[in-house]
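Those sequence lines, one after another, are chains A and B. So in the working numbering, spot 356 of the first sequence is number 356, and the numbers just go up one at a time. So in the working numbering, spot 62 of the second sequence is number 62, and the numbers just go up one at a time.
Source of the hints: derived by calculation from the structure; they are not laboratory data. Every residue, glycine too, gets a C-beta built ideally from N, C-alpha and C. Don't take each hint at face value.
Calculated cross-link-like contacts (lysine to aspartate or glutamate; reagent style EDC-like; alpha-carbon spacing at most 16 Å) [as the list claims (entries may be wrong)]: (1) A:LYS41 - A:GLU125; (2) A:LYS240 - A:ASP214; (3) A:LYS205 - B:GLU25; (4) A:LYS247 - B:GLU96; (5) A:LYS247 - A:GLU209; (6) B:LYS82 - B:GLU115; (7) A:LYS111 - A:ASP29; (8) A:LYS208 - B:GLU25; (9) A:LYS57 - A:ASP29; (10) B:LYS37 - B:GLU25; (11) A:LYS240 - A:ASP215; (12) B:LYS98 - A:GLU209.
Looking from chain A toward chain B, a few residues come up when the C-beta cut is under 7 Å (computed) [claimed, not checked]: (13) THR150; (14) ALA157; (15) ASN207.
Here are the chains, one letter per residue:
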Amino acid sequence: MPARLKALNDSYLKVIDQSPLSTQVLAPDGITLMVNKAWEKLWGATLDQLKGYNMLKDQQLIEGGLMPYIQKGFEGQPTVIPEIKYKPKETIKELNRVPFVWVKAFIYPIKDSSGKVQAVVLVHENITERKLIEKQKDDFLAIASHELKTPITTLKAYTQILQQILSEDPKASLYLDKMADQLNRLTSLVNELLDVSRVESGKLKLNKEKFLLDDLLKDIATDLSLISKQHQIIIEGATKSSVNADKYRINQVLINLISNAIKYSPKADKVIIVVKQNRFEIVVAVKDFGIGITKRDLTLIFSKFFQANNKIRQSFSGLGLGLHISSEIIKRHNGKIWAESTKGIGSTFYFILPLDKKFVKNKTINTEEIIQDRFTTSANG
Amino acid sequence: MDKQSFSTNEPKTIMICDDDPGILEVLRIILEENSYKVIALNNGKGIQKRIEEHKPNLIFLDLWMPGIEGKEVTRILKKDPKTKDIPIIIVSALAETKNIAASIGANGFLAKPFEIQDLLETLQKHT
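This is chain A alone, in the form it adopts within the complex (with noise of 0.2 Å):
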């Protein structure tokens, strides 16, 4: 091993050993010839205590499903492995140190003149501290989402006491309507919130069931159409069989998309849904005919914190969150979420759930048909 060491310069030896960032060097054949003093620091090791150890042999990498991004940077890929949670003594008994760390592994090759890798670099920044910080946010936003709820629920009640023995009242009735209104839309902010710290720090889980999407579309056009009495919502198509996926993140991707219509075309008088499926997928399309979206926003639409432009927002309220949410839990569940739109005109959004995983890349549905279908006679009608 030695020998090998010699080809690296002395003095790259000493930029590497004083580095912050813990740097392991591995030979291709996944022995570790070297490690740095922020290494032996992070894992509480030193080089010598990782004799007979072979990072591509490692237990823990291939149960958390990492071996084939690790063997992708071992054949020559610079690979970054994002967040991975590892205990050192559940491989080398002694390392107990700390019971586990969160790093982000950086995994770059040095090659030769030739191409072949000669070495394998290794950095691991610990994220540890940014993991428990994140899931007391996490915790804390659950805890405040109850808290917040809670006097929430009680005032809707009393609301909707007062509603009933008001209801003789004109006024005393319109006003209590308008409190009602206010509530939900409270209600909403406060799920908004909670929903997207989950979506930002991964922890967005999916209850997974099977389920008849026609229902869950026939139930929203009915609560929806009693919101907006001027938009008519129509459904065309149906599954034909149950899809597998969490129905309460999929209602509420349905009323994202189906509500934000509604908002947005405030002078049209009907918003339609389109469901197609075929063995593979099912594609859901809302089209509205309402004020459409530019060119730019289009790219922009479905990041965190978009709502169009100043002039716009000021008549369209609500957190800005909900298609950024939309496209988390479409993507969760191996989907694709994307819309087209004429300025003026109206936008269509499609979401496509794969009824099997095997099949998401690439069989795809004719999205083409499904315009050509239905939407350019709905245009002129």
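Once you have looked at the hints, place chain B on chain A.
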């Protein structure tokens, strides 16, 4: 033969269990307005004894309470042959806990904030 069990005029008893006094109070108002008898508890401790005392026809249970958790309470009550047939409706501020409600054997779920209409329909359905 117990005369009481044949009487249809006997008001039904609803047990409500929530750590927030504001919620307990408004629930009591709604239920008593609709001719239900109400037993209110602010936590799950000793619930079995209170059930034996009052024999509720249905229990509204909050999931998030200090001390003994709603989930634990549901499991215990559903295991005990004396209480397993009493319908338990989970009332919770976290809407996604609906799935948990089903998996622990609860008979229904009501998300906070709730519509009074939904509350009353749930009651009619299970009692």
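Comparing the hints with the structure gives:
1. Using a Cα cut-off of 16 Å, the hinted pair LYS41 of chain A and GLU125 of chain A holds, with the two alpha carbons roughly 12 Å apart.
2. Proposed proximity of LYS240 of chain A and ASP214 of chain A is supported: the alpha carbons are some 9 Å apart, at most 16 Å.
3. Of the pairs offered as hints, the one joining LYS205 of chain A and GLU25 of chain B is violated, with about 34 Å between alpha carbons and a cut-off of 16 Å exceeded.
4. Taking the CA atoms of LYS247 of chain A and GLU96 of chain B, the gap is near 10 Å; set against the 16 Å cutoff, the hint holds.
5. With a C-alpha separation of about 7 Å, the suggested pair LYS247 of chain A and GLU209 of chain A falls inside the 16 Å cut-off, and the hint holds.
6. Between the alpha carbons of LYS82 of chain B and GLU115 of chain B the distance comes to roughly 31 Å, so the proposed pair goes past 16 Å and is violated.
7. For the given pair, LYS111 of chain A sits about 14 Å from ASP29 of chain A by alpha-carbon distance, which is consistent with the 16 Å threshold.
8. A hinted pair counts as satisfied when its Cα atoms are at most 16 Å apart, and LYS208 of chain A with GLU25 of chain B does not qualify at roughly 36 Å.
9. For the suggested pair LYS57 of chain A and ASP29 of chain A, the alpha carbons sit about 10 Å apart, so the restraint of at most 16 Å is met.
10. Among the hinted pairs, LYS37 of chain B with GLU25 of chain B is consistent with the structure: their alpha-carbon atoms are about 13 Å apart, no more than 16 Å.
11. Taking the CA atoms of LYS240 of chain A and ASP215 of chain A, the gap is near 12 Å; set against the 16 Å cutoff, the hint holds.
12. Among the hinted pairs, LYS98 of chain B with GLU209 of chain A is consistent with the structure: their alpha-carbon atoms are about 12 Å apart, no more than 16 Å.
13. This hint holds: THR150 of chain A has a C-beta 5 Å from the nearest C-beta of chain B, less than the 7 Å allowed.
14. Using the Cβ-Cβ criterion of 7 Å, the hint placing ALA157 of chain A at the interface with chain B is satisfied: the shortest such distance is roughly 4 Å.
15. With a cut of 7 Å, the hint placing ASN207 of chain A at the interface with chain B holds, because the nearest CB-to-CB distance is about 4 Å.
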